Structure formats: structure tokens, C-alpha cells
Amino acid sequence: MKFFNFHLMPYAKVGLDEIAKNGSAWVTFSNSHYDPKQGAKLYHDYLDQMEFADQLGFDGVCLNEHHQTAYGMMPIPGVLAGALARSVKHANIAILGRALPLINNPLNIAEEYAMLDNLTRGRIIAGFVRGIGAEYHATGINPAYSQERFAEAHDLIVKAWTEPGPFEYSGKHYQFRYVNPWPRPYRTPHPPIWIPSQGSGSTIRWAAKMRYTYCQTLSPIADVAKFFQLYRDEAEKAGYEASPDQLAWSNTIYVGDTDKKAVQEARPHLEALVNYFLKMPTEMLLPPGYTDVASLKRVRSVKVTGKTKSIEELMAAGVVIVGSPETVREKLAEYQDLAGFNTSLTKTQFGTMPNEMARANMTAIAEEILPAFRDRPPQRAPKAAAE
Amino acid sequence: MGNFSTSVLAVRGCRIRLMRAGAGDPLVYLHGASGAAWLPFLQQLADKFDVIAPEHPGFGESDTPAWLDNIHDVAYFYLDLLEELKLEGVHLVGNSLGGFIAAELAVRNTQRLGSLTLAGSAGLHVPGVRQLDSFLVTDEQRLRQFFYDPKRAEAMIARVLDPNNEDTALRNQTTVAKLVWQPRSHDPNLHKWLHRIDVPTLLIWGDTDRMFPKEHAQAFQQAIPGAKLAMIPQCGHVPQIEKPDEFVAALETFLGARKKAA
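So the sequences go chain by chain: A and B. Residue numbers in the first sequence follow our numbering, run continuously in steps of one, and reach 481 at the last position. Residue numbers in the second sequence follow our numbering, run continuously in steps of one, and reach 424 at the last position.
Worth flagging that the hints you see were computed from the coordinates, not collected in a lab. Where hints are given, some of them may not hold.
Stated by the list, open to error - Label-pair distances were calculated between CB atoms; the ranges are: (1) Asp329/B x Gly265/A: 26 to 32 Å; (2) Lys107/A x Arg358/B: 54 to 60 Å; (3) Asn326/B x Arg215/A: 55 to 61 Å; (4) Asn449/A x Asn326/B: 52 to 58 Å; (5) Asp317/A x Asn326/B: 27 to 33 Å.
Claimed, not checked - Looking from chain A toward chain B, a few residues come up when the C-beta cut is under 7 Å (computed): (6) Asn236; (7) Gly383; (8) Ala454; (9) Ala458.
As the structure is a computational prediction, the values presented were derived from the model and not from experiment. Glycine included, every Cβ here is placed at the ideal spot set by N, Cα and C.
Could you build all of it, start to finish, from the sequences and the hints given here?
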């Protein structure tokens, strides 16, 4: 299994009671709560952690994109990928992902990924997402056109990477007299495209058809197993057998000396992540038109971001793995075999977790967990596992 | 509620639901973002007018045509509809989103209009005037904020948020987002062309409209030649629902309507 160090780069110095008072850390949470001196230190701590992950032997580091929030300080992830391109020597750098519909000129994203692919000599992974509902409040982009814009931007970017320019492009949402981006990607035909999602059926079907690596975000492992099985089924329909390498589970791992100590240490930071940083009203998460009526109804009824959860609940549902090295190895193996993935996108720092603690967790994962999984693919036949 | 007929009208292949009652000069009412309904004020108006209340494309039982992308599309659609029904001298009335559509229609072509009435209308941006973000409150909060007295919202909440109609409400909201998410509830070019409106125009506004505060009425009044303003006291965003008698009286006074001989 491959391990990526996934960073959300939260503004960890935030006052949690301030978030509670506002009801959310997103969009309406005033940036007057951001202290640039603290923020600058966090950026450097986090970038140091990414370089440390490379030195520890992680296979990759992951960045992502969110806007107007204390949840993550990466509105322009390419800036941070650029900062890491020369200091991360071996690991892949994945941006999971750029939110295509939010950008009025998708060629900027084609250019950005192509530059990064050149700078890293082929170590960039190009994630494409729609962005969560809150981004549409933050950027003003119309959520009712999110799916159309994603599809059109994707096609345009791939075409810009693969067909010699200049050519003309005229779509519904984007029009260009000249499509001729310099540089071209370092790799031919283009960097690998990964698709993170919360589990939308149409996204999974599309990713499988396109043979893009599918990344499942923060979900109970039983759901992850179902989503990955859907991907394998869809691959079969498309006439090929999906490899476990095409399936990536985005998780959170904390390793302590003992189970008890691990839970005790991780609790405040993990609960800060799910109960403060992630919380937002349904209207913010799901603006009208962001998804079809059936999906809207399903998600609205679950109120995913509204409930307060304890670390015990998150562990029991298999959203996170927290424990002694032995416990973490056992759980991870169990989940890998259940869901059939071969890439772990692991948050090692989360919520309010301070720098030293995050680095200790990374070290423990690198020393105690990585070696046991280095050459370990999912053990059971994936089909049987999910049945 | 009331005595009206419902039919399906196809306009260049787009089928919409049409409610109609009364006789007299044609009065076309364009509903707001909460959807179409035959409300008491329409029944009152049907005493004197041929009241025609279409359900917009993308709402309720009407089609969602592939061409429906923005407010201008709907304005052109209603120009086609007036032509299809061969209506002349139409009194065009719109509330909120419906007012926005009516204004966009009128700057394009007033040939078939006899008058224009905008009530609590969207369409303009007025710098410095605080508006509620209707997309960041719950459905119920939004409807309560429509009223001067939020307690008067019960009937509208029961109608619009009827759990049996959840699919319709969600579909309506998707269409609303298409039309007004960005630029938020206005067209930055509309103000440049409001001078083209050459039919008598009335603005009916609640003095406590929290969605489109009365400064919006004043902005319309400044831009539309000769526009009259009827401000209804202790009234919010939906005067036709919160103060139907005052609304109908203001409209009838403006139109100089006489009661039909009994």
C-alpha cells in the first residue's frame, strides 16, 4: 500500500468558541479572526511537515483547495505545491484537488498543473473536484452550473494537454480563440488525474469509466467498501478490471504508545476537526442546484455536518484509526481487505494538533505502520470482500 | 381556493401550467421564487380582469427546457407567451423574481403591454442597502422574513414547505439559483435600459421589505420614466399576500379599474 501525508492546513490557532458562536468556520466566519503572524508560522510548520513526510518515506503528500475558511488555509494550493516542488525530493505531490467549476478560466489550471509537472519532473498528481457547496457561497459561482462547468472544464483541460495548440474552443461556459498553453505537461499524455468525492454515484461511475484514481473522503469504512465496489463493478462494465491502486481512502490515523493514550491525545484535535472546523449549516453545504434533487434530499436528511461526534464514534464507524501501533496495523489491514484499496491518504495532523505532536505521529506511522504495509496489497479478492 | 381554470400551454415546445379566471383586460401575474399558487388577491383581481397566472418554466409542473439558463431567457419566453396568447394591452404584474422577469421583459419590448407593476421586485443592486441572503437561511426563516410580522407567515410556510411537495420546492430552488445566484438577484445592465419602459408603471412596496428594501423601489422609480410608487405601511416583501386589500386597491386605483356592472 502507498501512503500519502494529507494535510488540510487548518488555522489551528483559531478560538473554537468563536467558531461555535458563528455557527461555522466557513464563509461567514470573519477573517478578523486570522492573525497573520500565527498563520505564517502555521504555513511554515505545515510545509516542514510535508518535507518531513518525504524524508520519512511517505509515497506522497496531499494538498487541497478550500475558500474563506479556518478549516484549511489553501485557497490556491498551487502556491504551496510550488513551495514544495524543489524541497520534496522523492514523494509525489497531489493536489486533491483543484475545484474546476470555481475558476472562470480552466486553462489556468491546465497551466498550473503543467508547470508543477515540469518543476517536479513528473511527480504531480492532478486532482479534479467540484468543491463543496460552501465554495459556491464563497466565490459566487452558480451552484446550478457546477456539474456542467466541471464536465466542460475537465474536457478542455485534457484537450489542452493532449492536442497540439493553438486550437479554438467554444463551449457553453468557456470560449477561447486560442488554446495553446505553455508549458506542456512533463509527462505524456498528462499527469495522473485523481477524483476525490464524498461518494456521488455519478462521479464514481465516471471516474471508473475514465480509469481515474478515485479517492473517498471522510466516510465510515462500510460506505467506503460499498463505493469502491461500485467503482470495480463500473470498471468491469467498461471492460477492464480495476486495480486496487485506483482506489484511495482518505483517512485520519493517530498512533500512540497505547490505545488509551492514543485516544486521550488525539481526542481534542479530532473532535475540534469534526465538531468545529467541519460544521456548517445545510444551506451552506448544499446550495440549490449543487446536486440533483434525489441526492439533495438524501444528504439533507442525514445532516452530515450537523451532528456532534465523539472520537469513540468516529473510531467505531471506521472513519478514523486511533490506537497503539498494533491496533492501528490490525484495523488498517482489516479495512484494506474489506474495501480493497491500495492507497491511504492519511491526515497525520488534524484540527488543533500542534506541530511537535503531528511530527511524532508522522514518525510513529512511518516506523510502525508503513513497513508492515509496504508490499501488502488487499488480501482478499475485492469482490468477495465487499459481499 | 377560488374559481379558476388550470391548463397546460405549450409555447414553442415548452409546456407550462397556466391558471386563469375572470374577464376584462388581460392581467398577467408573474410569481416569485416561492412558486405559483392561486392566491386570494388573484381571485379579487379576477372580479375585474382576465387574470392569467402562469407557472414559470423550471417551476412546479412546468417543463424545465434545455434553454433555461438565465433571467433573460425567461423574459424572452414571456414575450413569446404574450404573442402565443395574442394578448394586447396586458397589465403585467410581478412580485420579487416575477418583478425582475417583468422588468427585463419590459426593457425589451412593451408592444403588448398596457402597464407594468413591480412589487418588492428584484433586478437592481442598490449600493449600501443591506439585504437578507436568502440562500444562507433555512426555508422557514426565509419565508418568515418575507413578512412585516413573521407570525403572518404560517399559511405561506404550510403551502410552500408542504412535505408532500419537497421535490417541487427543491426543483424550484434550483431554477431560482440558475436565475439569481450570480449576480445576486440583479442584472448589472438592467438599470441602463429601464428608461425604455414607455408604459404606465407602478411600484408597490412594503415599507419593511427585508429582501428588497424600499430603496430598491426608489431606484426603480428614478430609472423608469413617470413611475408611481405605492408604499404599504407595516408590510414586508409580499404585499399581495400580507396586505392583499391594500395591494389590490393600489393596483386598481392605478389602473383606474371600474367594477363590472353587477
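Evaluated hints:
1. Asp329/B x Gly265/A: 26 to 32 Å: holds, 30 Å
2. Lys107/A x Arg358/B: 54 to 60 Å: holds, 55 Å
3. Asn326/B x Arg215/A: 55 to 61 Å: holds, 60 Å
4. Asn449/A x Asn326/B: 52 to 58 Å: holds, 54 Å
5. Asp317/A x Asn326/B: 27 to 33 Å: Once the Cβ atoms are compared, 30 Å apart, the range 27 to 33 Å for Asn326/B and Asp317/A holds.
6. Asn236: Because about 4 Å separates Asn236/A from the closest Cβ in chain B, which is inside the 7 Å limit, the hint holds.
7. Gly383: Holds: closest Cβ of chain B sits about 4 Å from Gly383/A, inside 7 Å.
8. Ala454: Interface hint status for Ala454/A: violated (40 Å vs cutoff 7 Å).
9. Ala458: violated, 42 Å
In the structure shown, a violation is registered for the earlier hints numbered 8 and 9, in ascending order.
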